[in-house]
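Trainee: Residues per chain are reported as follows:
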Amino acid sequence: MSIFRSRFRLRSESGREALTALLFMLPYLIIFLVWEIAPFFFGLWISFTNYNLLHLNTLKFVGLENYAKVFTDELVGTAFLNTVYYAGGLVVIGFILALILAMTMNSTRFGSKFLKWVCFIPYIMTISATGIIWKRIYAGQYGILAQIFKAVGLPSLAFLNNSGTAMPAVIVVGIWIGIGYWALILMAGLQNIPKELYEAAMIDGAGKWGQLRFITLPLLRPIIFFVLTIAIIGSFQVFGLVTTLTGGGMGEVYGGNPGYHTLTIVMLIYAQAFKLLDMGYGAALSWILFAIIMVVTLLQMKFIGFGWEE
Amino acid sequence: MKNKRLSRRDFLFVAGTAALGTAIAACAPKTTATPAAGQAENTPANAPTKANEIMEINFWNGVGPPEGTLLEEFVYDYQTKHPELKINQWTTDWDPFYTKIRTVAAEGVGPDLCVTHPNYLATYADIVFKPIDDLVSVDKDIKPELFNQVPWDACFRNGKQYAIPMDAHLLCLYYNIDLLQKAGVNPPQSDNDLVEVAKSFTKSPDQWGINTWFSGNGIYWTWLAYMSHYGQKGMLNSDNTKAVFNNDAGASALQRIYDNIYTDKFSPGPDLGVDFATAFSQQKMAFCYDGTWMKFTWDAAKLNYSSVMFTKQQPGTWGNSHIFVFPRLGGAPKTQVAWDMAKYIVLNHSVDWGLKAGHVPALKSADQDPAYLATMPQMQGFVDMLPYLVYLPRVPQQEAIGAEMQGSLSSVLRKEVSVKDALKKSEAKVNQLLATPL
Numbered sequence: 014m015s016i017f018r019s020r021f022r023l024r025s026e027s028g029r030e031a032l033t034a035l036l037f038m039l040p041y042l043i044i045f046l047v048w049e050i051a052p053f054f055f056g057l058w059i060s061f062t063n064y065n066l067l068h069l070n071t072l073k074f075v076g077l078e079n080y081a082k083v084f085t086d087e088l089v090g091t092a093f094l095n096t097v098y099y100a101g102g103l104v105v106i107g108f109i110l111a112l113i114l115a116m117t118m119n120s121t122r123f124g125s126k127f128l129k130w131v132c133f134i135p136y137i138m139t140i141s142a143t144g145i146i147w148k149r150i151y152a153g154q155y156g157i158l159a160q161i162f163k164a165v166g167l168p169s170l171a172f173l174n175n176s177g178t179a180m181p182a183v184i185v186v187g188i189w190i191g192i193g194y195w196a197l198i199l200m201a202g203l204q205n206i207p208k209e210l211y212e213a214a215m216i217d218g219a220g221k222w223g224q225l226r227f228i229t230l231p232l233l234r235p236i237i238f239f240v241l242t243i244a245i246i247g248s249f250q251v252f253g254l255v256t257t258l259t260g261g262g263m264g265e266v267y268g269g270n271p272g273y274h275t276l277t278i279v280m281l282i283y284a285q286a287f288k289l290l291d292m293g294y295g296a297a298l299s300w301i302l303f304a305i306i307m308v309v310t311l312l313q314m315k316f317i318g319f320g321w322e323e
Numbered sequence: 105m106k107n108k109r110l111s112r113r114d115f116l117f118v119a120g121t122a123a124l125g126t127a128i129a130a131c132a133p134k135t136t137a138t139p140a141a142g143q144a145e146n147t148p149a150n151a152p153t154k155a156n157e158i159m160e161i162n163f164w165n166g167v168g169p170p171e172g173t174l175l176e177e178f179v180y181d182y183q184t185k186h187p188e189l190k191i192n193q194w195t196t197d198w199d200p201f202y203t204k205i206r207t208v209a210a211e212g213v214g215p216d217l218c219v220t221h222p223n224y225l226a227t228y229a230d231i232v233f234k235p236i237d238d239l240v241s242v243d244k245d246i247k248p249e250l251f252n253q254v255p256w257d258a259c260f261r262n263g264k265q266y267a268i269p270m271d272a273h274l275l276c277l278y279y280n281i282d283l284l285q286k287a288g289v290n291p292p293q294s295d296n297d298l299v300e301v302a303k304s305f306t307k308s309p310d311q312w313g314i315n316t317w318f319s320g321n322g323i324y325w326t327w328l329a330y331m332s333h334y335g336q337k338g339m340l341n342s343d344n345t346k347a348v349f350n351n352d353a354g355a356s357a358l359q360r361i362y363d364n365i366y367t368d369k370f371s372p373g374p375d376l377g378v379d380f381a382t383a384f385s386q387q388k389m390a391f392c393y394d395g396t397w398m399k400f401t402w403d404a405a406k407l408n409y410s411s412v413m414f415t416k417q418q419p420g421t422w423g424n425s426h427i428f429v430f431p432r433l434g435g436a437p438k439t440q441v442a443w444d445m446a447k448y449i450v451l452n453h454s455v456d457w458g459l460k461a462g463h464v465p466a467l468k469s470a471d472q473d474p475a476y477l478a479t480m481p482q483m484q485g486f487v488d489m490l491p492y493l494v495y496l497p498r499v500p501q502q503e504a505i506g507a508e509m510q511g512s513l514s515s516v517l518r519k520e521v522s523v524k525d526a527l528k529k530s531e532a533k534v535n536q537l538l539a540t541p542l
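Residue numbers (the working numbering), protein chains in the order written: chain L, 14 to 323; chain B, 105 to 542.
Heads up, a few of these hints could be off.
Below, simulated SDA-like cross-link-like pairs (lysine to any residue); rule was C-alpha separation at most 25 Å, straight line [what the hints assert, rightly or not]:
{"no.": "1", "chain 1": "L", "residue 1": "Lys148", "chain 2": "B", "residue 2": "Ala381"}
{"no.": "2", "chain 1": "B", "residue 1": "Lys204", "chain 2": "L", "residue 2": "Leu158"}
{"no.": "3", "chain 1": "L", "residue 1": "Lys148", "chain 2": "B", "residue 2": "Gln311"}
Hints are computed from structural coordinates only; laboratory data are not their basis.
Isolated chain L (complex conformation) (with noise of 0.2 Å):
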């Protein structure tokens, strides 16, 4: 009895400490279980269903029969596609320039801090206002870019509207919005370097390309994994940028420029079970994509790794 007192009394200064952060942390968790946890599994439940709003009357459950239409449907290959796409545009050329970007920003004595201003700014902006604006720049007739074109000679363009440059022109406008934040992210990381290690790589005759392949970008490393993950997750989750550039006319119903070119996997979900209301399909294709952005997070996780035992 005593023992159990002395170990109660013992326990009772942490365990005082664990209540109160528990009841801090309480209010966050509860709208973190009622409003992400439990639509998660709920999600994975009308997955299996035909959940239909309108009909909720002849809710039964079907078993795979939402999944199995993935295969079938010629929209989810076209979605998965543009999805990846747009997913490896953004992050090779996205990455690389954020990463030129910051070492511009951390060498640069002069003007850095306007220059990570500029560069922060379409990351803060919202991105109905993005789109907008960016569908008035690639506007065939009397956009921006199509004055600019005419004014020099070439032929203007609906790049929105054409096949060949609707996602490309899409990428840019990720880029643009995503350049900045992935720079700052990687020029903190720089800025923990020891500056030390250059002058030595310098001393020992290492140039530029070596300083930035021995020194860098191994030290970068967690960063670069971070930064990478986010983009990627982001990537493939883009709806709303996509949608204001290329979808929304006159009626339709999945967007995605005429031809689906720039549809995406989220828009796809969004379509099926907020507009043709098959809310069990629709939850289906996001357990899907979960699933993929699962995988790609641990192969990334494999390949690049974290490097912090480094």
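Dock chain B against chain L, hints included.
Mentor: Coordinates of chain B only, in the frame set by chain L:
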């Protein structure tokens, strides 16, 4: 004496408890009930009002600007005559409107009155919009013979009436009077005339004969309209169980649209991104195949225009109507007020609607009003085409069918698939959708 100062730990404890209490209070169920299905008659919100109580009426208007703003004015007019009411208007575009209708359908709440299209009766009749046969049968002002038959009939589904019509808005051929007079040509009456005249006006890339939509609802409506010219009225059979568009009429209609762009080349293609409304307003396009709703735009551009009924083998066009519907959960006193308001707008503002919005009034007397007749011959083509109007398929799967047709027809204009293959594939898909009840 003990020190009574609050420690940091105690402060955190109190703050955390207060935050938890706030979160629980915020999540607590509301004490006031909202009307639910089957309970409308008994809820406090639907009890008859006393003399000094204001009854709130919710009106959702998806028409959107600029005509939506005009409809708002009609509602304000009704409000000024009824100070015992407070009418809450929500004006928006069709996309967010139908998104909200879908959401409230599931929740069991909704507005007292809204405007919709006849094809949506198939999706939402009895779920959101309630039958109004009882209201019509006892009303002394609203009678079928007062209305043009096409929009009146569109308010029925399975023998029950769900709406009263406000207008019909349809596709017709606008033409620029100045350009045609300058060229010394008459407005075309047939497809052959149109092709020749449109070609003569075309000087790509700045001057075009006519617009041709290549995506979204534009190409879908145009194809339905052209298909009716070739003798096929509507894309489904009479009992809406089978697709009937994969035939000569459907193929000819789609081929004609394709030829406008790629064979006869008097319409700009999708890659050029030409804005049709701007081109026609700026007299860079001689003809514009568009709807009654463009009257606002042409009038604002001070264009000298008119419209003409043109046809191929037989007259026909695509069109739709704005109809007033009464969501089922408004409750008896509120539904009566909503009915009175809808009736007031239709009987007193149909002429304004036709004059300013351009839509053909559903009320026959409005068509004969001297003020409305003064808009002729600009809108004459539309009035002439009204009896031949073909609506969208009126089945619950109509949105999925529309999505299929938009993609399929558009793919032909992008040269991704042939006319024959596109129609064959779409026929199979539409039949599959029709066979799968929602």
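Trainee: Please go over all the hints and tell whether each is borne out by the structure.
Mentor: Hints, one by one, checked against the model:
1. Between the alpha carbons of Lys148(L) and Ala381(B) the distance comes to roughly 17 Å, so the proposed pair stays at or under 25 Å and holds.
2. Under the criterion of a C-alpha separation no larger than 25 Å, the hint pairing Lys204(B) with Leu158(L) is inconsistent with the structure, at around 37 Å.
3. A C-alpha spacing of about 24 Å is found between Lys148(L) and Gln311(B), which places the hinted pair at or below 25 Å, so the restraint holds.
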